[in-house]
Every structure is written in structure tokens, then in C-alpha cells.
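For the record, the sequence lines run as chains A and B.
Going left to right, the first sequence walks through residues 1 to 242 as this note's numbering numbers them.
Going left to right, the second sequence walks through residues 1 to 201 as this note's numbering numbers them.
Hints are supplied without guarantee of correctness; some may be wrong.
Quick list of in silico lysine-lysine cross-link-like pairs, DSS-like style, CA-CA up to 25 Å [unchecked claim]:
| hint | chain 1 | residue 1 | chain 2 | residue 2 |
| --- | --- | --- | --- | --- |
| 1 | A | 43 | B | 164 |
| 2 | A | 43 | A | 124 |
| 3 | A | 201 | A | 120 |
| 4 | A | 22 | B | 24 |
| 5 | A | 201 | A | 190 |
I should point out that these hints are in silico values taken from the structure, not numbers from a laboratory.
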Amino acid sequence: MTSERSIVYQEEAFVLHGIPWKETSMIVEVLTAHHGRVPLVAKGVRRPRSALRGLLQPFQPLMINWFGQGELRTLRTAEWQGGIPLLQGHALFCGFYLNELLMLLLKRDDPHEALFLEYKQALKKLTHVELFEPVLRVFELALLRELGYAPSLEHEVVSGEPVDPHRTYRFDPENGAVQWNGSTGPDVVKFKGKTLLDMAKSNYDDPGTLAQGKQLMRILLSHQLGHQDLHSRRIIQELLLS
Amino acid sequence: MSSASSTLDELTQALRCLPGVGPKSAQRMAFHLLHRDRQGAERLLLSLAQALEHLRHCDQCNNFTEQAVCELCSSGNRDARLLCVLESPADMLMMEQTHAYQGLYYVLMGRLSPLDGIGPQEIGFDRLIQRACNGSTEEVILATNFTAEGEATAHALGVLLRAKGLRVSRIARGIPVGGELEYVDSGTLAQALLERRPATN
Ligand SMILES: [Zn+2]
Chain A
1 MTSERSIVYQ EEAFVLHGIP WKETSMIVEV LTAHHGRVPL VAKGVRRPRS ALRGLLQPFQ
61 PLMINWFGQG ELRTLRTAEW QGGIPLLQGH ALFCGFYLNE LLMLLLKRDD PHEALFLEYK
121 QALKKLTHVE LFEPVLRVFE LALLRELGYA PSLEHEVVSG EPVDPHRTYR FDPENGAVQW
181 NGSTGPDVVK FKGKTLLDMA KSNYDDPGTL AQGKQLMRIL LSHQLGHQDL HSRRIIQELL
241 LS
Chain B
1 MSSASSTLDE LTQALRCLPG VGPKSAQRMA FHLLHRDRQG AERLLLSLAQ ALEHLRHCDQ
61 CNNFTEQAVC ELCSSGNRDA RLLCVLESPA DMLMMEQTHA YQGLYYVLMG RLSPLDGIGP
121 QEIGFDRLIQ RACNGSTEEV ILATNFTAEG EATAHALGVL LRAKGLRVSR IARGIPVGGE
181 LEYVDSGTLA QALLERRPAT N
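Chain A with its partners taken away, still in its complex shape:
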């Protein structure tokens, strides 16, 4: 028997990824507001007439109940919530990218309610915006900030002075913005102060900010990911090139 405490009722959740498990089941990794990322066994869900079969799809808000004590808990019910249209076209690939980031960077059972809301917001935007890149940048930064991996964009590290929009900076993933000393070389990447300040305000109206912001987020993300590859990024590039 499971104890009362190990039952979670009515938690809003998104499926991040599912893998087949045993003959008729699946393990779904879900993102929730109050329990973070949780792996759940969805028993019998791969049977032809399973009621949950079509439901456990990514990018759709669900209301779920689960129980269990160990790392792998058991999904009991899931209900479709609605409110976010299905992602279509290129937005789907952006969605997979967000899910992969969460799978790689967010540890299991580490709740971040703000991050959950950012994720939901990003999915909603992906359903109707024309430019996907700003949505991705905003979410990437929110993710790193929430996990404590993003240094300040608004202050220079050495002096502590506010970043000047007209000056040029280098960005150290551990510490943050350092005033550029005029050095050049293959590993010196420079950023305009304005880029950093725009990013801090989630403002990507300036195409320059968008271009530099992509570069900066890539540096910050690869610092956290190490040698782990982002499959979804590679696949998006392969599709764009073919």
C-alpha cells in the first residue's frame, strides 16, 4: 500500500519526453510547478485502447495525479487541460528544443515554479509569434537564472559599475561582464553593452541584440552542458541546411 503522503493530486504538468517501458507501458518525464521534473510510469498506456494513449503528448497542459515513493513513481490519472493550441510546423522543433534543455539541465525533483510558468508562457508564445528566436532566448536565460547559472547582465564584474550601453564587454560564463581591454583573438567574443541590457529586459527588438544574444546564450549554455550535445539543435540545423 502507498501511504497518503506519497500521493500527489491535481498537479498541472507538461510531458517533456516519453520512452517505451516494458511491453505496454511508458516512462514519461513531466514538468510540474510544485515538484519539478518527475519521472512517471504510465502503465498500460501503449495498449491499443488505453484512454491515456493520445493524451501523454508534449506541449499540452495536463492535470495529473500520481503516487509512489521511489525515484520512479506511477501515473494514476491525467486529464487534458487545453488552453494551448497544438504546436505546428517549426514551432514544434522549438518546443522539442525547450524540452531537451529541461531534460539536460533541470535535475529531477527540483521544483521551480517560476520556471514552470516561463515554460508555459514560452509554449503559448510559440503557438502564434512570427519570430521564434526571441522566445527561445528569453526561456534559455530564465532557465539559467532560475538554476543559478546566469551571472548579472547589468553590472561589470571588476568595478561593479552598471553596464554602459555604448561600451564593449567580454562575457565570462562564471562571473559575468568584463570590460573589453582591446585584446583580439579567436576566443575573444565581444558584446555591446546595449545587448546585455536589452537581454536583461527580455527586449529583442534590435536585430543586433538578437544576433549577439544568440551567441551569448550559446556560450552560457555550453558552459553548463559541457560536452553534451543538444540533439534538437543539430536536427534543426540539418533541416535548415537540406
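Got chain A sorted already, so can you dock chain B with the ligand onto it with the hints?
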């Protein structure tokens, strides 16, 4: 020299290559084959060897066949202007059961699955593109599943095939035949509403 236990271990390990088979089930299968159904085991051995030796992918549709081109593709009485793209051989059997389709097929043997690292190269998009550009195809019907991954696959293929000047369509989704709104799941109903079309007059 191999002991009895290492031979058994090897069999159990080998059975684990099957999808959904863990160590326990593999052991159960091994005992069953060796003890309860040795005839069945012989048959499995033979048919597996046969299949491995003779089955290959059809040059045209990528489905399993014993020839270079399968029977369906070489039958000559299918409409070569239509090419229907599916995820699996099982999907193709379902499609044939409808008796509503007379065109040809292409079986992807999978779908894009970005989080599992399965992209266009792993699926072999280029082979499908080549097949679709053979000159006789006029319309490609994308009939991948209505899962997030199936939709992503259909989208990516649509972009690539349209760029080659082909007409591309996607099978429709909505309320099942004989479906009553009261009993249809909310997700399907919501999508059917979004994808509504003008009523016939
Ligand atoms: Zn064939």
C-alpha cells in the same frame, strides 16, 4: 569451453535486444524456449535466419521484401502519381485495409525524434526525396502519426518536398467516424474545431 550457465547467460542477453524485454522477461523466455517449447525454439531459429538472409528493404517503398522491388510497387495497377508516406509497415497494412487508396507508399521505418537524437539523416530523408522525385509522383500524402513527433516529421518533409516542386498534402484529423461529441476526448474535439472547414452546400 563454455559452461552451461554462460551459454544460458548469452541467450538471455541476446533476447534482451527485443524492445520492452528486461532481464526478467528475457530469462522467462529463455527457460520457456529451452524447456517447454523446443520445437518453437527451432522454428524461431529457422525463420529468423531466413528473414535475416532474404528480407531487405524495397528499393521503391522501403518496406520489407524479398525482392529488390516489392510486389505492391511492381504490381503495375497502382496509381503512380500518388505517394503516401507512413511511419511503419503496420501503418501501411491499416492503409491497405481501408481499400480507399490506390497509390504507392513509402515507409519511413521511424519518425523524427529530436530528444532521442533521431534526425533526418537517421531516418534517411534523402532516400524518400529521391524516390518522390522520380518523375511519376505528382502528390505526396503525408500520413505520419498525429503525435508531436509524427507532426514534426510531416512538417519537415512537407518543406523539403514542396521545395522540389511536388504537391504535398497531410491526411486530415478530427472526430472519428460514428463519433458522438459527448464521448470524444477534449483534445480531439478542440483540434477538430480549430481545423473546421466550410460546410458543404
Ligand atoms: Zn515496395
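Here's how the hints hold up against the structure:
{"no.": "1", "hint": "A:43 / B:164", "result": "43 Å, violated"}
{"no.": "2", "hint": "A:43 / A:124", "result": "29 Å, violated"}
{"no.": "3", "hint": "A:201 / A:120", "result": "19 Å, holds"}
{"no.": "4", "hint": "A:22 / B:24", "result": "11 Å, holds"}
{"no.": "5", "hint": "A:201 / A:190", "result": "20 Å, holds"}
In this structure, the earlier hints numbered 1, 2 are contradicted, and the remaining ones agree with it.
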